[in-house]
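K.L.:
Add chain F to chain Y, keeping to what the hints say.
Chain by chain, the residues run as shown.
There are 2 protein chains.
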Amino acid sequence: MIAKTPSPPYFAVIFTSLRTEIEENYQEMATWMVQLAEEQEGYLGHESAREEIGITVSYWKDLESIRKWKTHSDHLLAQKQGKEKWYSAYKTRIAFVEKDYGFEK
Amino acid sequence: MIAKTPSPPYFAVIFTSLRTEIEENYQEMATWMVQLAEEQEGYLGHESAREEIGITVSYWKDLESIRKWKTHSDHLLAQKQGKEKWYSAYKTRIAFVEKDYGFEK
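Protein sequences appear in the order of chains Y and F.
For the first sequence, the numbering used here gives the first residue as 1065, with consecutive numbering after it.
For the second sequence, the numbering used here gives the first residue as 1065, with consecutive numbering after it.
The set of hints was computed from the structure by calculation and includes no laboratory data.
Computed from a predicted model, the values in this text were never measured in an experiment.
Relax, there's no trap hidden among the hints.
If chains are identical, the list can't say which one is meant, so a pair holds when it fits in one copy or spans any two.
Derived EDC-like pairs: lysine to aspartate or glutamate, alpha-carbon spacing no greater than 20 Å straight-line: (1) K1134 to E1168; (2) K1068 to E1103; (3) K1163 to D1126; (4) K1125 to E1162; (5) K1134 to E1105.
Isolated chain Y (complex conformation) (with noise of 0.2 Å):
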């Protein structure tokens, strides 16, 4: 689903990241990872698609919350067995979103 975001401005924060072969308890790290962040504060929504690439878009309403689920423990744990296991490669940016439009039939 395209997220339901309020007008800007808030933040997101772009996950581009490229997967090894390793499945070992990636789906439910990711299940678990979307749900704990949709509890925290400032969350706003997020959009993830993958195919050769994976992309993951978080909003958030600010620097704040996105440095509080930046070191939330659980949220930390999972960096650290992405780097080990299921990421050969990733990279985070954490933008400005200063003006949307969009477009539905």
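P.N.:
Chain F in isolation, oriented as in the chain Y frame:
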């Protein structure tokens, strides 16, 4: 591939879309738009994946280059056909990338 963007700051255009079932000319136009975007002044790279939703993030030097690309005549035609045929909904978000960090094995 994860886009090899320069150090921030730069801009991101996050384009999230839902497709219709109409395939007519879609792949050709998508390929052509990527080629054309790559030739534009201020283009820094892009990332794309589609599952339930499609996410394409393109990266740009400044807002002026985004504005020029948005109003490029061939791109305007693609946008028009996109609304008429290929997309049932989309959202475009213009964002200022303040910070990035990554990991590579």
